[in-house]
Amino acid sequence: MNNRIKTWLVDKYLAWIFLALLLSVWEWVVAQQWVASYLLPSPTQIFHTTVELWPEIQAATLSTAHSIAWGLGLSIVSGVALALLFFAIPLARRAILPFCIFFQTVPIISIAPLLVIWFGFGQPTVQASAFIVSLFPILANTLTGLQETDPHLKELFRLYRPSPWQLIFKLQIPSAIPYILTGIKISAGLAVIGAIVGEFIAGGGLGSLIDAARTQQRVDLVFSGVVMSSVLALLLVFIIEVVSRVLLRGRPYLRKS
Amino acid sequence: MNNRIKTWLVDKYLAWIFLALLLSVWEWVVAQQWVASYLLPSPTQIFHTTVELWPEIQAATLSTAHSIAWGLGLSIVSGVALALLFFAIPLARRAILPFCIFFQTVPIISIAPLLVIWFGFGQPTVQASAFIVSLFPILANTLTGLQETDPHLKELFRLYRPSPWQLIFKLQIPSAIPYILTGIKISAGLAVIGAIVGEFIAGGGLGSLIDAARTQQRVDLVFSGVVMSSVLALLLVFIIEVVSRVLLRGRPYLRKS
Amino acid sequence: MSAIDVNQLGKRFSAGARAVIEDLSFQVSPDETLCLLGPSGCGKTTLLRLLMGLEQPTSGSIRIAPELAQHMSYVFQEPRLVPWRTCLENVLLPLQLLGRKNPAANTRAHDLLHQLGLDERLHHFPGELSGGMQMRVALARALVTEPRIVLLDEPFAALDERTRFRMQDLLLELKSRLQLQYVFVTHSIAEAVYLGDRILLLDRTGSARDWRAIDFQERDQLLKLTPAFNAVVQVYSQLFSDMERAEALHVPRATEVRA
Amino acid sequence: MSAIDVNQLGKRFSAGARAVIEDLSFQVSPDETLCLLGPSGCGKTTLLRLLMGLEQPTSGSIRIAPELAQHMSYVFQEPRLVPWRTCLENVLLPLQLLGRKNPAANTRAHDLLHQLGLDERLHHFPGELSGGMQMRVALARALVTEPRIVLLDEPFAALDERTRFRMQDLLLELKSRLQLQYVFVTHSIAEAVYLGDRILLLDRTGSARDWRAIDFQERDQLLKLTPAFNAVVQVYSQLFSDMERAEALHVPRATEVRA
Amino acid sequence: STEPANKPSGKPLTLALNWKAEPQFGGFYAAQVQGHYAANGLNVNIVEGGSGTPTIQMLLAGKVDYAIVSADEAVIALGRGASDIVALFATYQTNPQGIMTHAARGFASLEQVMRGDGVLLWQSGLPYAQYLRKKYAPLTVVTAPYLGGIGNFQNDPKVSQQCFVTSEPLTAAAAGVKVKTFLVADSGYNPYTSVMVTRRQRLDIAPDEVKAMVAAVRGGWNDYLADPTATNAAMQALNKAMSAETFAASAQAQRELIKTGSTAQVGEMSLARWQTLADQLLEIKVIQKPVAVDGLFVNL
Ligand SMILES: Nc1ncnc2c1ncn2[C@@H]1O[C@H](COP(=O)(O)OP(=O)(O)OP(=O)(O)O)[C@@H](O)[C@H]1O
Ligand SMILES: Nc1ncnc2c1ncn2[C@@H]1O[C@H](COP(=O)(O)OP(=O)(O)OP(=O)(O)O)[C@@H](O)[C@H]1O
Ligand SMILES: [Mg+2]
Ligand SMILES: [Mg+2]
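Chains as they are written, first to last, in our numbering: chain A, 282 to 538; chain B, 282 to 538; chain C, 3 to 261; chain D, 3 to 261; chain E, 819 to 1118.
Just so you know, the hints here were simulated from the structure itself, not pulled from any lab data. One or more hints might be untrue.
Stated by the list, open to error - Keeping only pairs whose Cα atoms sit at most 16 Å apart, straight-line, the calculated EDC-like set for lysine to aspartate or glutamate is:
#: 1; chain 1: D; residue 1: Lys177; chain 2: D; residue 2: Asp222
#: 2; chain 1: A; residue 1: Lys451; chain 2: C; residue 2: Glu91
#: 3; chain 1: E; residue 1: Lys1058; chain 2: A; residue 2: Asp431
Claimed, not checked - Residues of chain E clear of chain B, computed beta-carbon distances all greater than 10 Å:
#: 4; residue: Phe925
#: 5; residue: Gly936
#: 6; residue: Pro956
#: 7; residue: Thr961
#: 8; residue: Asp1026
#: 9; residue: Val1084
#: 10; residue: Glu1086
The beta carbon of each residue, even a glycine, is placed where N, CA and C say it ideally should be.
If we strip away everything but chain A, and leave its shape as in the complex, we get (with noise of 0.2 Å):
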């Protein structure tokens, strides 16, 4: 267990190197002046801010995780359970699954300013915006999941007359693993945004600081939270892969017997 996480570790180096490179492309594009400082800061520029600027950044990156955890951590709950509820329920799949799309192609951004307006400032909406962003991709893989168990394995728990619950905890959650966590990935890299969206209009965090420097041309600055933003994004994946994986302990999820 522990071997298998530290070769991933080792295997994540392949990707430092690939990011050493790009920075020093991207040093040098700014350095020769093909693309205008003001649009796009150097690396080094943007490391300086954001290390000048770092209890505010901290601050904020940590509030904008908070918010995040929050949503994300909702949204699993209740696409999971949600996903299930349709599963066994095909009437109200059919009658609600078509508003949970609905509700996703909502832009986020022209219903946060009603968020606001029922969440009041801050995180609440923060946490709502990161929820609504989160939950279908969520939702859709672990009803996939669920839809795809393999019938020979149904069919065999039938025989001991299962209650729902044991279909479900013991076959078809197990079966819909892959697909959960594909979903909850996707969903990560939502959930910043939506939090970030959020913070634009209901403020704090890490969207607040991008919004105002955003205005202020401090492209730097803007780039700083970005940054921070998406290394939000990549722990989170990091931390959904390690928690998988000591959850999963090696057993064969995949159907390979």
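On the provided structure of chain A, position chains B, C, D and E with the ligands as indicated by the hints.
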């Protein structure tokens, strides 16, 4: 086949009934003045606004639909292609995938000036925006699907020393089909959002309409635009469903055997 | 009253298709074991699934004595193990689902796995077992619930002859020790004769050709060497041949075994 | 020069685990057919997979004559059909993958499916076939490429005796008509003796106990009734028993068949 | 320390800004920094807004107690049936909204910009844009959305954009771009801006509190106009994106727009100007029917 599509259509009636119910409750709540109509317009009000401004709304919707078609089309093609690349070359995956996540978490609005400079005002920027937000779910889902290919079947194929293309088109893509379809469905919703946000940035379509209405507190018009965008998304999901049913023609792509 | 009562049973998989089973009627008395014999694709699995209620008949009826119906168990033609559960966890699955996970049941699971020669494989995943081992795990899983009647679909096909003989004897032992009744699908005439009090010979036209009670005093592997046993096997072989000749199967170079 | 040359072969699945195969050496001459016999879990599948190159040996070496290595085919222990392809499409798969889809090959696919009694199932999906039918489709898939050597892992275990006999004869016919060589895994001693020019008896300690050439003049089902054939079967049965006694398997109530 | 005359009530009052802590809100923060809220027995919590924060709707929905809006928003809300809104204090007597152009283009008037070539970035939905569009119709300049910042302006000499004269032109100057800015107010469209509003209900129930609030804010603005240094420092702690120099320059640039010029106090409003605004909004069809503006504001 035709029969299946019919059943599917009939199933959808349930959603209509639910919709009618929802609209009635909404109408009633507004009529009772529990919510002020300048905060939440009634469905009839939205309907009237839509009828009144139909020429503008129709033109905006068509323009947005056009951008979505391009953006989503491009992300289906390149999402699947990238996933195949990452799958074939793990090195590429480890090096590039984190940057896809990175890219995915950048709020489009904070890099708006860059997009405008690269793609200009108007449709290309909108398409790029729709593309960026809809790429990752297809990519991530396809990649998971490819990785979940039954290793037993892979072994079987290997006996015949297939070319990478054969492996991909005859085994890996067919096995990934349920995953890819889910990814596309998730992306369809996101592409709609991406296009509308793109239009906030570059002008045109429903995005501009919604943005302008918002600044004028024309909540009815905002809702009218939002409804049109959701109609677009539902239409897309419907088209995807029908096309995939016709393409798969009753083949058991679930691993039943 | 009979344990199983099948009445004018019919089954086709789709409206237009040929009937897999047609107008089939038979009864099985309590404590009588039944073997289903027939060529590949004749409908043995289908009949067993109908008995278990895994398929619905298109016509006719099936009645299982209520005291048996409550304690039925089934072994599929393929092992059908849950890939993310270890060997032991797979055997414990029915107990968990039935809410009967107690120390006694646990011991029984271990005992069964021991009897089936799987001691060393308790914590392996199905993907790490050989084909025969997987089938034995499936057998343990079917027996761990202490069923009154168990339906087995060619459970020993993947086993070598010696292991197979041991399993046959294990089944006979369980039958006498626990009053376990079974319906056993096999394509081996000798196995059917050895294990079945009655044999139902299915053919490809969807009906049972013939069946008769076999009354051997004592069954152990020595029985297979007796003339009486071989006589019965010969009779069935002949029936089998007649059936096939009647059907005029399109298989070239079919050399007949002389009975 | 030998067709297959196995040299001090060893295989364990993980560093700490018991060796499944240990220090195994044998040669197979050209045109000689080999049967692998052994109890469940002894490593028959593993050895076959090693020969095919599906597993890598942990020690020793395997050499297959190059002219054979180019035209090898394999039948897995389970049918392993592609679920979204029909019966016929499954058989045509190897031809597509090898870029050899031509009218002649197409005809051959139809012929094989006809010979295997699957005419009526050409356009069915695997999920709609019986267990034995699926295995026959897998067999057709392995033969459609006109291999020089085919490795078969208990291909007939899911078939009834008569269909099985027909398949055995089909294999022998292909052997003489097309100079097809095969390595055949089975758990049936009689089948091994009937089909194998040589028999390799594997035991659970990972090595081959004994093997010898069998030289019957002509093989057809009548052979099975001859004293010579039965004598050979008896010899192997005895070897099998000795082997098991030596291993002292933990299976209770193991009744021995007297040879 | 001595207790203020009126004890602050338990629950703090929220004052919702429609943008970040910047000099345009200097007086509201100064009232905090200089202790005017406390002196008037108020416990005020100032909340920063962001892009498109709908402060007027939040006020109407009862989420906040006081909000900063622009005068046209208040009239539109009234036009849409929200009659319980009342304006208390108008910061900008002259609308700071402007159009910023590159000096090199040599535009002499707004009309030349509107009927010239190039690109104009603006929020086309805002009433001022509708007004200009109607007044200078037909426009020949290509219009596109404006999202904040001056990146696209800097990048292309043919681009003009909307601005707050107290903000973007300073940023541009700091970046070394030579600009010429035209006030929208000069075209005749001149709504009060950064107007503090509350619900009429509040004025009815707690007139003293509302009066105290206006007094505190007015005190804050007087202090800020006299010397913004301390308040700027406090605001900069909240808004790191803006430099100290920009704070000072912006505070300086806005003085003229805030001062009333007459004997009237800072923040006072006139019926005539509200009426003009309502007429203009009706003319450009942003509101559908005439509204009575006499109840829309009160000078306390
Ligand atoms: N992937 C694997 N990982 C670990 N152990 C394995 C794996 N595959 C096979 N084994 C072990 O190797 C041994 C031999 O397995 P193999 O499948 O070769 O047996 P076999 O002779 O084919 O048996 P059967 O007749 O039951 O199919 C078994 O003990 C099995 O548990
Ligand atoms: N789901 C299905 N859909 C359509 N036809 C089916 C289905 N299941 C079985 N059949 C058909 O029913 C017939 C009987 O199948 P069944 O599986 O019962 O055979 P069997 O006697 O068990 O054969 P075997 O010994 O090969 O397992 C076959 O012709 C098969 O093609
Ligand atoms: Mg069967
Ligand atoms: Mg095997």
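Evaluated hints:
A threshold of 16 Å between alpha carbons decides the hint, and for lysine 177 of chain D with aspartate 222 of chain D the separation of about 13 Å falls inside it, so the pair holds. Between lysine 451 of chain A and glutamate 91 of chain C, the direct Cα distance comes to roughly 11 Å. Compliance with the 16 Å bound is thereby established for this hinted pair. For the suggested pair lysine 1058 of chain E and aspartate 431 of chain A, the alpha carbons sit about 56 Å apart, so the restraint of at most 16 Å is broken. For phenylalanine 925 of chain E, the requirement that its beta carbon stay farther than 10 Å from each beta carbon of chain B is met, with the minimum near 21 Å.
Distance check for glycine 936 of chain E against chain B: the nearest CB is about 12 Å away, which clears 10 Å, and the non-interface claim stands. Listed as outside the interface, proline 956 of chain E is consistent with that label: its C-beta sits roughly 18 Å from the nearest C-beta of chain B, beyond the 10 Å cut-off. Listed as a non-interface residue, threonine 961 of chain E fails to keep its Cβ farther than 10 Å from every Cβ of chain B; the least gap is roughly 8 Å. Residue-level check passed: aspartate 1026 of chain E sits 27 Å from the nearest beta carbon of chain B, beyond 10 Å.
A cut-off of 10 Å between C-beta atoms confirms that valine 1084 of chain E is not in contact with chain B; the least separation is 28 Å. Against the 10 Å criterion, glutamate 1086 of chain E stays outside the reach of chain B, whose nearest CB is about 26 Å from its own CB.
The structure does not agree with the numbered hints 3 and 7 stated previously, though it agrees with the rest.
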